[in-house]
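Novice: This is what each chain is made of:
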Amino acid sequence: MSQPPSPAPAPASAASKKSSRVVAMLGRLAALAAVYAFFAFLTPGTKGFMSDANTQLMLQDIAVVAMAAIGMTIVIIAGGIDLSAGSTIALSMITTAYVLNLGPDGAKLVLQHPVLLPIAAIAAAIGVSTLIGFINGALVTWLRIVPFIITLGTMQMARGFAKLVANEQNIYPPAEVQDLWISRVLDPARTVFTWPFLPVAVWLVIGAAILTTLFLRYTRLGRHIFALGSNEKTAVLCGVPVARTKILVYMIGGLFSGLAGVLFFARLGSIGQPTEAIGYELFVIAAAVIGGASLLGGRGTILGTMIGALIITILRNGGVKMGWPQYTQEIVMGAVIIVAVAIDNLRNPRKS
Amino acid sequence: MSQPPSPAPAPASAASKKSSRVVAMLGRLAALAAVYAFFAFLTPGTKGFMSDANTQLMLQDIAVVAMAAIGMTIVIIAGGIDLSAGSTIALSMITTAYVLNLGPDGAKLVLQHPVLLPIAAIAAAIGVSTLIGFINGALVTWLRIVPFIITLGTMQMARGFAKLVANEQNIYPPAEVQDLWISRVLDPARTVFTWPFLPVAVWLVIGAAILTTLFLRYTRLGRHIFALGSNEKTAVLCGVPVARTKILVYMIGGLFSGLAGVLFFARLGSIGQPTEAIGYELFVIAAAVIGGASLLGGRGTILGTMIGALIITILRNGGVKMGWPQYTQEIVMGAVIIVAVAIDNLRNPRKS
Amino acid sequence: MSEASSAGSLLTVNGIKKSFGPTQALKGVDLTLARGEVLALIGENGAGKSTLMKVLSGAHASDSGEMTLEGAAYQPTGPLHARGLGVCMIYQELALAPHLSAMENILLGIEPTVGPFMNWRETRAIARRALDEVGLTALDPAAIVGDLSIAEQQLVEIARAVAVGCKVLVLDEPTSSLTQKDVQALFALVRRLKAKGVAIVYISHALEEVEALCDRFTVMRDGETVGQGVVGQVPVSRIIALMVGREVADLYPRSPRSATEPILELRALAGEKFPKAASLVLRRGEVVGIAGLIGSGRTETLRALFGLDAVAAGEISIHGNLTPPAGPAVRWAQGLGLVSEDRKTEGLAQNLSIAENLTLSKLDGLGPWRFVRPSRQNAAAEPWIKAFPIKCQDGEQPIEALSGGNQQKVAIARLLHHGCDVLLLDEPTRGIDVGSKAQIYAWIDKLALGDPAAGKAPKAVLVVSSYLPELLGICDRIAVMTRGVLGEARPVAQWTEHSLMLAATGQDQRG
Amino acid sequence: KSPEAAAPAAAGANPAPAKISIAAIPKATTHSYWKAAEAGARRAAAEFNVTLEWQGPLDDSKVADQIGIFNNLAASGVQGILLSPCDDKALAPHVRTATKRGLPVAIFDSPLDGKVGTDFINFTSTDNKAAGATAATTLAGLIGTAPIHGGQVLVIRFTEGSASTRLREEGFSTALAATPGLTIAAQQFTDGSMAGAQRVAETLLGNYVKNNKLELAGVFASNQPTAEGTYNAVKALRDKGVEVSAKFVGFDDSTLLIQGLQNGVIDALVVQDPEKMGYLGIKSLVDHIQGRPVEAYTDTGVTVKTKANTAAK
Ligand SMILES: Nc1ncnc2c1ncn2[C@@H]1O[C@H](COP(=O)(O)OP(=O)(O)OP(=O)(O)O)[C@@H](O)[C@H]1O
Ligand SMILES: Nc1ncnc2c1ncn2[C@@H]1O[C@H](COP(=O)(O)OP(=O)(O)OP(=O)(O)O)[C@@H](O)[C@H]1O
Ligand SMILES: [Mg+2]
Ligand SMILES: [Mg+2]
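Protein chains in written order, with the working numbering: chain A, 1 to 352; chain B, 1 to 352; chain C, 1 to 511; chain D, 1 to 313.
No lab work stands behind these hints: they were computed from the structure.
Each hint should be verified, as a subset may be incorrect.
To be verified - Straight-line Cα separation of at most 25 Å, DSS-like style, residue types lysine-lysine; simulated pairs: (1) K17(C) / K391(C); (2) K362(C) / K344(C); (3) K233(B) / K17(C); (4) K273(C) / K181(C); (5) K273(C) / K233(A); (6) K276(C) / K233(B); (7) K62(D) / K129(D); (8) K391(C) / K446(C); (9) K362(C) / K233(A); (10) K35(D) / K276(D); (11) K456(C) / K386(C); (12) K108(B) / K35(D); (13) K17(C) / K194(C); (14) K391(C) / K344(C); (15) K100(D) / K129(D); (16) K273(C) / K362(C); (17) K344(C) / K233(B); (18) K344(C) / K233(A); (19) K305(D) / K108(A); (20) K305(D) / K35(D); (21) K19(D) / K35(D); (22) K446(C) / K386(C); (23) K194(C) / K167(C); (24) K233(A) / K233(B); (25) K213(D) / K115(D); (26) K276(D) / K240(D); (27) K181(C) / K194(C).
Claimed, not checked - Taking beta-carbon pairs under 7 Å as the criterion, some of the chain A residues facing chain B (in silico): (28) K108; (29) V146; (30) Y327; (31) N345.
Owing to the predicted nature of the structure, the values given are computational and were not obtained by experimental measurement.
Cβ atoms here follow ideal geometry from the backbone N, Cα and C, with glycine treated the same way.
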């Protein structure tokens, strides 16, 4: 009984599907270009929105948001959400500062181990952040509560722990820390470590973006994450280790928030600020969604998220450069988030 | 062939189901009692957690959160979410202050119309908030974008408008405003307007809670809201005016945020503060969810939400009373949110 | 009663066309329907039956064409309007609000009100009458719908139509999740409605049902009506040929095959609620069926075995080795594979591609170490797409673009890609047209037979089905599950539909 | 105060027609404190023929935002920047970089790490530690030598991450500890908002109400929103009929706080002079750009406002 298949009736061809995805990404790039051109046009000459200096600034600015957004994209693809990202960034920043500040006043450990201790600090920061991610994942998996609520809880808790570790104040590691390599990753003045134009942190983000793109596309875990976000029941049925995958996903989310926290630490001139990055998660989520990720899971790309993060950063930078008052910036930002997602949706109405 | 239908196999009878809902509500009440008892036990005598004065304080504190939470519960029951609640509260507060501040310096309109102008101010505040709600609903309905993103956008925009109207600073209406009825709704000292023990604002909340409970239970629109949250497709097929219902739901959400903003205005001693109530929406959502509302829609009660709001307020008050540092309060708050929802879920595993 | 309609045709449909973007779902459909008749609407998956009925019931607007109801032009502006005019539809996927009560669901959108308030007394009264009419006399109208069984839920939906005094009732594959007994109750209800003069459009893939219930039939293929006739006057084979566009020789192929060593043994397997005791021996080279009523616990037996539900007691042996309860990953590794009864929400991830769905359970070998190369993934899917055959452009097409039958083939192909020895198929042909069914039966036969020449050992197949002719047609042995207890698996020759029904209802004295 | 009064005279003295472009970056934009600083800066701008761009972050906790604003403006071609850093360490490297590139930066209001004269041109501010101490001595003076209620003082603090208020609070605590008979009964951070301060103050004050008497000798709140929230809390107690004999010293002023002075709820406000800071900040930049020497450090001082020395608004 191996009859030939009757003529294929399905007209929604794979080719058109794939090309429509390319079109969507081109659309996002066009939106990015439009936003960029808008500010480039309105602030010509001296204000130099397009100047190298300003571009470098924006790139530094984007580094933190983009790094966290990579993790958030993975969480969103898996059908989750992580409201604790902002607090985790703060906790990571504080942990870095705390470790660099270890030792009695006169003889900070960091002075004795100028290379080693920063590594330990970063390891600790990332460890703690990944632990927060683990807690998120474990609670989401075991308590079967929507991630919105779980991460709303851990958002509070991580913030509390950041303040606890920081002893309710900013942590200022010894001044010498500002000369260490850890502080240079985002320092615009240290061209030593930057290839013309791009600060080290931006290279880190680019590297992470490429790695995670490959990870999502070419590893079994990556495919499992898409399957999980697309249909959790199917994933269970097919023997995907759903609990483990979910926990790993939130751990990855925490890890990237942790990396973002380290970048934030450097960006703030090597201090730990427990009250920083409040509400950051919303920008991070917005970046991912503008980039085409679906809050219903199963959809999203790192490239798209990077474009989303760029759009948001350009808006913030351009608004300041134009001398817009805060309220104008906020109104424009809100409108752009909605419009960007709406346009993306028009092209792909099945999304939400 | 007219056999009787097979004997109903579902043993989970309607009666036992109903009683299980009562049990769940009792469970929430027990949680409330436990939290209350905890602080009552730990702060005996001297600190007077249970004193009338402190109870009154807590009730004043709860009024704002609870009022906004009523609207949020309705939005959540309908399967939505409203992240713009905090900003809308601020916008409403600013609008109230702005209208009360109208007229040239020497002759504020409010002095000429001490009864009328506050009414106009409240009408304006509620009008503006309901308009924000309308925009939320309309965009969610017409753009078919998840409400998380739409209201994330309008959250930014409403905040921007609040600052714009406030001219980027606090609005202090003339001192005489503090003696007007609008300012007394939360003033514990004005026992004229308070029945022993409860401030006017609390009565307002109780009234609103009863009305909305009846509204949800006994009106057609109320039942449509449940139907919409329970199964939107079905609602569409059955001819429920889904677009209109959805828009109305967000308008109701905006309306209650607006009312909460007016209470906030009174609470702050008749001041308009454009940067207040940042992040409030998260507490409001937490109150609804602790009270048994499901972020997946179709489930939630105003009574439960009131209990949730009480639990959150008691935690905040008790923590301060105990002299806990901020971080301890935050850690406990986060943990309690998770634990409360987890316990609620154990009783009702189908929830999420 | 207008004069035009009493002549016979209550509803006429002329030249209805409907496109979804590039897909032309309806290319000009004609239909007539008389008062008090049951019209069967049949055709392959994707023929356009549901779309036509959605146009009829106002859920979709047609692009062109016209309809008349009782002689007057009929242009429903929406489902509510259609319902008001007496045209109601019961959808393939039940359309109920699970959090609401039965009475609210019945009157959703047309609630009796006093001002803005619900008139609960009247709501309850109307719902009570409607529920009585559909036979749910014992059901409290205030019962929450999410707590009801599927059959009850469906009756609540029909009650929704009855409550508005419908003139035309459309039932879209109403039996796809009911067992024989509930089907009989449903038939009785349909006949009662028919006797009252209601015109019924009955969409089904089960021709036996059509024969048992319907007066006339209309066949659709690729968005067009390709034939009609009076039931009983046209041979079934002719109807099938009309549907498929070709002759189907033998629906239930059964090659001579011999069972060898046992691969799977269940001894008094019990889950938390269901099953209570399931014992069974499944051998290589045989197809064993499980029959039973809805809610008898057949699905849950498979789920417990496969590690999707908890096991409370009992033993499982695979390849002769006792194995403790374990999750799906372990079961896949042991050579078991499950096709879920719920294709849409469990079986397949709708927005992933065919290749991804097909290879999801076994991604190794598609790249070095734990890597997966999408090109290898597509390449792995290709032979199955050809062999089954699965109608599609290529393996990268998302599942949601496929018709039900082709989706089901992907779900089954997943087990073959994985190389399973034991195929657990839960309602493998639910909601699937005859053509696809025949292909799936052929595959089951082919797999149980094996191909020693090509070095392919015979497999063992366990089929759960509520469709008795199918079980009798393809199985070597059949066991019946009654209230969570699995009876002895007896050779198919010892069963008839009647004896299976008796056993399922617990009236079988032999077991 | 008449900003315009000086302008014609200055224009006459300064015939150079070329406008100087200067950017000023406050720590926050919403509070009236910063409005006053802006007014001072604009007065100076008008006087010295300066185009002034005034841009700041939402509030003083948004350090990263401020860094962005600073770098943006630094790259936009202005001739000088007047900055009030949200954080003394965080902004330092950015300011240093700008200075190295030849862009003069003057610091006002809040300190910045680094060497005055090398890393930035000068620093114009209130000495926060001293100001905190002033608040403590003012409070001690109000309470008198025989403190009631065991000399207990309640301190409502601003948020955890703010350096200037921390210095102020530390200055206050140190000075209070040195005052015999006075002790700090309790202190709490708040979330930085007025409502948050009000909630914490209400609740903590409630701990000391016995027999309708507030058993505290004094209350201190360390900046505008904190003092406003605390004011509301204390006023509510009084309105309720609780006997409040505690002296209340706040920091900064606003319409509401002045009202508090007038109605006697607040006994004293330690007030900085942001208008002067803004004015002197711009002036020093202009001087620097035009090659005149500038003072490395200017304390604009604080004044203690009481009902007696404050006219009703
Ligand atoms: N909303 C829609 N958007 C796009 N295409 C659709 C939509 N609904 C149906 N179609 C397409 O229209 C065609 C007819 O589908 P329809 O559901 O009417 O078939 P059917 O005969 O009911 O099939 P089945 O027996 O599987 O239920 C199919 O090709 C289907 O993919
Ligand atoms: N989603 C569910 N929620 C609650 N109870 C359920 C659910 N699904 C099934 N049940 C109950 O579990 C029992 C066994 O159902 P199960 O689906 O295993 O039976 P089945 O014989 O496989 O029936 P079917 O013909 O539907 O496949 C029944 O009592 C049924 O009502
Ligand atoms: Mg169909
Ligand atoms: Mg089943």
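Novice: List in ascending order the numbers of the hints, as given earlier, that are violated by the structure.
Specialist: Numbers 6, 13, 15, 16, 19, 25, 26 and 28, in rising order.
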